[in-house]
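Once you've looked at the hints, dock chain D against the given chain F.
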Amino acid sequence: MTVLLAVEGISKRFRGLLAVDGVSFQVARGSIFAVIGPNGAGKTTLFNIIAGSFAPNGGSIAFDGKRIDGLTPDEICRRGIGRTFQVVRPFPALSVEDNVLIGAMLRRRDPASARRHANEVLGRLDLFGKRHQPASTLTLPDRKRLEVARALATDPKLLLLDEVMAGLRPAETDRMVSILRELNRDFGLTILLIEHVMRAVMALAARVLVLHHGAAISEGAPDAVVRDPAVVQSYLGAEAVD
Amino acid sequence: MIARLLDGVPGRGLAVLAGLLAVLLAAPWVANDYVLTVLIIVLYSAYTGQAWNVMMGFAGQLSLGHAIYVGLGGYAAAALYVHFGVAPWLGLAAAVAIAAACGAVIGFLAFRFGVGGVYFAILTIAFAEFARIGFDHFRWVGASSGFFLPVANYTRNDLWNLRGDPTMFYYVMLTLTIAAFAICHVLLKSRIGYYWQAIREDEIAARSLGIDTFRYKMYAIVLSAGMTAVAGVFFAFYYNNLFPEQVFHISRSIEMILGPIIGGIGTLFGPLVGALLLTGLSEAMQELLTALRLDVPGAKQVFYGLCLLVVVMALPGGVWPWVAGKLGLTGPRS
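Protein sequences appear in the order of chains F and D. Numbering of the first sequence is given in my numbering, commencing with residue 1 and proceeding in unit increments. Numbering of the second sequence is given in my numbering, commencing with residue 1 and proceeding in unit increments.
For the record, the hints were derived by calculation from the structure and aren't laboratory data. For clarity, every value in this text was computed on a predicted model and none was experimentally measured.
For lysine-lysine, the following DSS-like pairs were computed, each having C-alpha atoms within a straight-line distance of at most 30 Å:
#1 F:Lys130 x F:Lys157
#2 D:Lys189 x D:Lys326
#3 D:Lys189 x F:Lys157
#4 D:Lys326 x F:Lys130
#5 D:Lys189 x F:Lys130
#6 F:Lys66 x F:Lys157
The following block holds chain F by itself, in its conformation from the complex (with noise of 0.2 Å):
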């Protein structure tokens, strides 16, 4: 396997709390990675540290073989890193499609090209039937679409997803997860998603990491996983098991 994404002993420290506690794994290319664990657990800290909204105290990360830690977030959308938000962040003005659109003219200058693009990534996410609508018109689901599709639209290498299925009905997160396989199987595309629904993350990820109380606590394939016993007593409860 070749690496894309290298995290090494990351820590983030805000004031007295530890929010990172020297987390390391690897994401190999062309796979799906999911992080896991109880709210307050640190996923987004870790992951907004990837995404360049914060520095970390320490470790490094290192992205297609380059150091990335500390660059800004739009030189780490630039190198080719995707990201979502969990608390949706649309542009609410604009269209759906001009939404997805911005994304698409990281790689494409001419409006024409781009648009065609951002189509396209609007078709995979089953919006492009509401791309003329004004994204503060979208529910919550379509929202949640949106921020992919945008995501997408910037080509990245690796997309990061910040819990994409909280809120969607069983129906529509089977939906979700239908689209991001077909992503990872036509383009060869690298997720890593932070997600708490785990009937997404059994049917998606090939490999998983447990944090609780800022540490990794247990890393390795979903069903190995879930059945250590201190991701069972920290996390999921004994029921989870059966």
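Positioned in the frame of chain F, the structure of chain D alone reads:
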């Protein structure tokens, strides 16, 4: 070029646009001096409103000190003309450069150090006030007693030196306004325009899509400052006098932004529609109050304020998006 300008404009919109252009071009033949003067004020407001709109309407950066760019532009070109005999069209280049540099300094300080929102607005006011106080003591350009351009007997219109009758100034202002519209239209449809709107809507999301927000905000303030300085040059040569207490005063900055706010922030036609309404309203109010013998000091301002209040409450998005929607002219954001 023309095809790109007209791209995406519906047929009805084109017809209205052509009609409006014809009326504006023909105006000097039918209008008397009073109406022509009012029209010059309308176009001047539309132009400066458009320049401000680039920053606030497109890129979402609230400047409440745009008078500084009018003043710097006006003083630069006027000083070059009076002291060195440099023609205003050449002085214009210096005026734009000075104002753009000033915008770059303000933008750099604010955007590099994360000064945003109302704090950015306060910074822009502060710089305009620095300029006002500074020019009050700047003897080379007359300090607080004002700076005057020679109005000596010209017998014919001299476009090169911007000396002439109101008709000439009207056409100059009309040309500038049309140029500003064309530039904004093209920018809004290009990458820079979309990036500005992304920054306006959500700067954090914009950065996550690879947009260097600092750079694009700098483009917005430098362009807006430069455009505004052009209006300053016009102002100096049209009125032939500059007083720091007037040109740099905060009320000038506020006047400049009322048009786009009333007309529709972030829209192309908002500044023009707003300028027409506000100037029209102001002049009509004067006539009405005089006719009713209610012309006591302050009465005009009170009525003016009430009218603004009604518009803002009834149409918070501005008049133009509502009118455009009713007439089926364009989308809500064009």
